[in-house]
Structure formats: C-alpha cells, structure tokens
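A.B. asks: Heads up: the protein sequence lines correspond to chains S and Y, in order. If you're matching positions, the first sequence starts at 0 in numbering that gives the first Met the number 0 and goes up one per residue. If you're matching positions, the second sequence starts at 0 in numbering that gives the first Met the number 0 and goes up one per residue.
The reader is advised that the hints may include incorrect statements.
Listed below are several chain S residues computed to face chain Y (Cβ distance under 10 Å; list not exhaustive) [to be verified]:
| id | residue |
| --- | --- |
| 1 | R91 |
| 2 | A94 |
| 3 | D102 |
| 4 | D104 |
| 5 | N108 |
| 6 | F132 |
Honestly, the hints are just simulated from the structure, not real lab data. For clarity, every value in this text was computed on a predicted model and none was experimentally measured. Glycine included, every Cβ here is placed at the ideal spot set by N, Cα and C.
Protein chains: 2
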Amino acid sequence: MIPKFKEAYKHLKVTTLAGGVGGAKLLIGLDKVLEPGQLTAIVNTGDDFLHFGLHISPDLDSVCYALAGLADQLHGWGRKDESWQVLEELRRIGAPDWFALGDRDLAWNLERTRLLSEGNTLTEVIAHFCEVFGIHTRVLPMCNEPAPTLIKTKEGEWLGFQDYFVRLKCQPEIAEIALLGNREVAESELVIQALQEADLIILAPSNPWVSIDPILALKGVRNLLQEKPVVAVSPIIQGNALKGPAAKMFSDLGIHPSSEAVRQHYEGILDGFIFDDLDLQDAANWQPSAIINESSQTIMKTDEEKIALAKAVISLGARILQGR
Amino acid sequence: MIPKFKEAYKHLKVTTLAGGVGGAKLLIGLDKVLEPGQLTAIVNTGDDFLHFGLHISPDLDSVCYALAGLADQLHGWGRKDESWQVLEELRRIGAPDWFALGDRDLAWNLERTRLLSEGNTLTEVIAHFCEVFGIHTRVLPMCNEPAPTLIKTKEGEWLGFQDYFVRLKCQPEIAEIALLGNREVAESELVIQALQEADLIILAPSNPWVSIDPILALKGVRNLLQEKPVVAVSPIIQGNALKGPAAKMFSDLGIHPSSEAVRQHYEGILDGFIFDDLDLQDAANWQPSAIINESSQTIMKTDEEKIALAKAVISLGARILQGR
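Turn these sequences into a full structure, and let the hints steer you where they fit.
C.D. replies: Right, dumping it as structure tokens:
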C-alpha cells in the first residue's frame with residue numbers, strides 16, 4: 000500500500016503546522032508516507048520558556064523526539080528510557096520540580112541553551128538536533144524570537160503558558176489568551192518559504208488556541224494560508240480533547256467544545272476538515288460550509304493508525320488540489 | 000584533646016581565605032576544631048564561569064561539598080556517590096564534555112542559576128546552600144559581581160580560567176595573570192565585615208596566584224590584612240603542588256617554586272607561615288624575615304591530619320596574637 004501511495008504523491012510538498020504531542024503523532028505518520036524533502040513541520044514556540052536559565056522548547060522537543068523515535072509513549076512528553084537523577088536531587092535540595100526534566104532531556108536542553116548563547120538561531124539549533132538524531136522531516140521553529148503565549152485568568156492574573164499548563168495543571172479559568180507575548184514578532188524566513196513552496200498545508204490535531212493560533216498570528220502566515228489548500232484535523236472528539244486543555248479552553252472562552260467549533264475557529268483559511276468518526280452523527284447538524292468535511296479515525300495509538308490518518312489527510316488535500 | 004583546644008580558643012574569630020580543594024581540606028579541619036559562629040570562609044570566585052548557560056562556581060562548591068561531607072575524595076572535585084547520566088548524553092549528542100558535571104552537582108548548579116536569575120546575590124545563594132546542607136561554617140563568595148581570572152599565554156592568547164585549567168589541562172605557558180577581569184570589582188560587604196571582625200586571618204594552602212590573589216585584589220582587602228594577624232599555609236611542598244598548577248605558575252612566571260617563594264609572594268601581609276616538614280632542611284637557607292615560620296605536616300589525607308594542621312595554624316596565630 001505505502002509504496003503505491005508514496006509514488007502517487009511523490010511530488011507533493013506538504014507543510015504541517017503543529018504543537019506538541021497530537022501534532023507529533025500525525026507528523027510520524029506523514030514522515031512515514033512521504034519521502035525526505037517533501038515534509039516540513041512548522042512548530043509552535045509559544046510554550047517556550049526559561050527554566051533554571053535553560054531555554055526549554057516543549058513542542059519542538061515533543062516533535063523531534065517523536066520523529067527520532069525517542070519519545071516517551073507513556074507520558075506523552077519527554078524521552079523514553081529516561082533517568083531522573085537530576086530531578087531527584089532538585090527535589091532533595093528543595094528546588095522547583097513542577098517541570099519534570101529527565102536527565103537525557105536535560106542534556107539536550109543544556110546543549111540548546113549553549114548553542115543559542117553562542118549566537119545560533121533556534122532554527123539552526125533544531126536543524127542540528129535533526130542531524131544528530133537522523134530526522135529526515137524538516138522541523139522549523141515558528142520563529143527565532145521569544146514569542147510567549149500568555150494566559151489571563153478570570154482572576155485577572157497573567158500567567159506564562161507552562162505556569163498555567165504544567166504548574167497549575169490548567170486549573171485556572173481562562174479569560175483571555177495573548178499570543179506572541181502581545182507584540183509583533185518577525186516570522187522566520189524559512190517558515191514563510193516553507194509555506195510558499197507547499198502544495199498542501201496541514202493543521203495538525205493540536206490545540207487550536209495555543210498551538211496553532213500562535214503560528215497563524217505571525218505576520219504573513221494567515222495571508223499565505225488563504226491562498227493555499229489547507230486541511231485541518233480536529234483535536235476535539237465528542238467534545239473532548241484526547242490530551243491537554245483544548246476543550247476546556249473552548250468552554251472557558253464561552254464556546255461549546257466540538258469538532259464544528261474547531262472548524263469555525265479556522266474559518267477563512269480552511270479548505271478541508273477531518274474530524275473523528277465518532278462525531279459523524281453530530282456532523283449531520285453542522286452549519287453548511289464550503290469546507291470539505293471528511294471523517295476518519297483520528298485517535299492514533301499505533302504507527303498503522305498514524306499512517307492511515309496521514310494518508311487520509313493527504314488524499315483529501317490532493318482532491319482539493321485537483322478541484323482547483 | 001579537641002574539647003580542651005575548643006575551650007582554649009572559643010572566643011577566637013577566624014576568617015580563612017580559600018580556593019577549592021586544598022583550601023577545603025584545611026576548612027574541614029578548622030570546622031571541626033572551632034564552634035559554629037567562629038569560622039568564616041571567604042572563597043575565590045575568579046574561577047566561576049558560565050557553562051551551558053549555568054553559573055558554575057568550582058571553588059565555592061568544592062568548599063561547600065567538603066564542609067557538607069559530600070565531596071568526592073577520589074577526584075578532588077564534584078560530589079561523592081555521583082551519577083553521570085547527563086554527561087553521557089551530552090557526549091552522545093556531541094556536546095562539549097570537557098567540564099565534567101555529575102547529575103547531582105548539576106542539580107545544584109541549575110538551582111544556583113535559577114536563584115541568581117531571580118535576583119538573589121551569590122552570597123545569598125551560598126547561604127541558602129549552607130542551610131540546605133547543614134553547613135555551620137559561614138561560607139562567603141569573595142564578591143557578588145563577575146570577577147573572572149584571565150590567563151594570558153606566552154602565545155599571547157587570553158583564556159578564561161576553566162579553559163586554561165580544565166579544557167587545556169594547564170598546558171599553555173603563562174605570560175600574565177589578570178585578576179577580577181581586569182577591572183575594579185566591588186567587594187562584598189560581608190567579606191569586609193568578616194575580615195574586620197576576625198582575630199586571626201588564615202590563607203589556606205590554595206594556589207597563591209589564582210585562588211588567594213583574586214581575594215587580595217579586592218578593594219580594601221589587602222589593607223585590612225596588613226592590620227590583622229595573618230597566617231598562611233604553603234601549598235608548595237618540595238617545589239611541587241599536591242594538586243593543580245601552582246608550582247608550574249611560579250615557574251612560568253620566572254620564579255623557582257618553593258615554600259619560600261610562597262612566603263615571599265605574601266610578603267607585607269603575613270605574620271606567620273606554615274610550611275611542610277619535608278621543607279625543613281631548605282628552610283635553613285631562607286632569607287631572614289620577620290615572619291614567624293613553623294613546619295608541620297601539611298598533607299591532609301585523613302580527618303585527623305586536617306584537624307592537626309588546623310590546630311597548628313590556630314596555635315601559631317594565637318601566639319602571634321599574644322605577642323602583639
């Protein structure tokens with residue numbers, strides 16, 4: 000099956016916008032059904048933060064560890080075969096332990112921080128990581144500058160994203176989300192180029208508010224997407240997110256969480272939309288739209304399921320391309 | 000023996016200037032023969048450097064680990080019962096591995112960097128460390144600002160100290176040593192206070208050029224030492240240093256390395272000088288001097304040897320005090 004599929008789409012250039020875990024899973028599928036050179040991942044850096052003086056890039060690392068076959072499948076973050084010597088000692092000396100960095104994960108974060116301090120861009124650092132770990136897919140940080148996603152709680156407090164997400168376990172109710180640290184952030188040239196060169200753009204089943212929106216908020220990105228065939232995969236199934244606070248964010252912001260709400264969220268840039276088979280009944284009642292809907296199994300536990308969803312997304316994208 | 004000794008000197012306030020390993024050994028002895036509140040260690044920070052974005056303080060950590068009973072006796076640096084998961088991963092990904100940070104050591108360096116980034120001074124951070132590890136001796140960094148020792152090689156290249164010391168294994172010949180990053184550095188208030196309050200000041204058997212000289216170069220320190228009884232312990236035995244490049248530094252700078260050369264190095268601030276029994280024969284030929292010389296066993300392998308040397312230094316200091 001795959002050789003035929005690969006042959007059929009070997010000239011297709013695909014650029015995928017992604018956050019961490021959910022995005023990483025679809026990227027594994029896409030990486031397996033496309034040849035090196037066909038696939039670029041543009042990854043959210045709105046979650047990046049400084050911790051113990053180190054530059055931490057949770058989504059980039061989730062994507063890279065996944066593509067390198069090094070991801071911890073159980074936790075959904077960090078590395079498999081990990082040890083925790085440093086974290087245990089941090090606990091022993093009373094240091095903050097709410098962000099769990101394993102020893103191997105930490106080594107890579109040390110090296111990233113060192114390379115950045117030597118004047119390399121985050122894009123260059125990630126390219127180095129991909130080389131070291133033999134990753135074929137081109138992985139691009141959405142930008143090189145700091146572009147933190149900030150969360151305003153209903154109590155009026157502004158929180159850094161990891162503070163909200165990891166330390167406070169997404170418990171505060173959200174009043175507002177500010178992207179890119181609330182200022183204009185220069186897009187990375189390679190990001191714009193990857194979007195311009197793409198035949199098909201995929202929005203991975205990542206959190207629309209805090210994984211995909213930061214990328215869309217970069218200057219020029221939304222305009223480019225309006226010109227291109229764009230297919231999104233819903234991260235919401237039966238009103239819930241498989242992982243993370245996407246559904247709660249819809250609710251906090253006064254929107255009933257559903258696949259349809261995801262589709263509406265992306266209104267104006269979307270040509271195709273894949274939602275889970277489990278939402279097929281609901282879909283009968285959705286508002287009419289020019290967006291082509293298609294259902295699929297979107298829960299990706301095995302590599303086969305990742306590959307199947309990747310093929311479904313590419314096939315839908317190709318049909319949209321042909322229809323143009 | 001010790002209770003009597005403790006009783007005799009219980010009102011003596013002692014401040015010791017020290018570098019890393021050799022200084023730490025004498026401090027263990029002093030810590031054991033003096034009561035909490037009597038002993039302050041002023042520790043060189045000229046070796047401090049940024050590595051992977053972390054603030055590393057080699058001498059402070061050697062002293063603190065030693066006083067906490069956590070030092071690695073075999074290597075003479077780092078922590079005992081250490082693991083090396085992070086370093087192994089750094090090697091695997093091709094990151095610099097010339098400065099070996101163990102996992103537990105690393106945890107403390109992460110926490111120091113975090114506490115500094117939150118606006119704490121290095122003095123406050125080390126006080127916190129002493130509290131966490133139950134250290135009674137007051138340990139003071141010589142200053143809070145960066146004050147790097149720089150090494151100029153005979154090839155004319157300027158090197159950071161750890162570059163010279165660890166990465167290049169002290170191989171380059173030294174033409175010049177620049178202290179405090181070649182600029183004026185504000186002394187720490189607590190350091191000046193500890194010197195003012197001291198009845199006796201001890202120069203530990205640390206490297207005179209790069210461990211003690213940086214402290215002496217701080218504004219006000221040398222003047223204060225001229226007013227106080229000061230006893231030094233020679234780090235040179237039979238023309239060699241037990242550890243580190245002290246002897247080679249004398250040679251590189253055109254001075255024959257010997258205990259007498261150490262005494263001359265401290266000329267003007269010294270009242271008493273302890274050199275090793277092995278140099279007793281040489282001492283007969285030393286230039287006459289007003290400094291009171293005394294020989295002792297200065298090699299400190301066991302706690303008993305550390306205690307014995309500490310008592311010899313304090314006794315000599317007390318005699319000098321009485322003679323005033």
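A.B. asks: Run the structure past the numbered hints and jot down the numbers of the failing ones, going up.
C.D. replies: No hint contradicted; all consistent.
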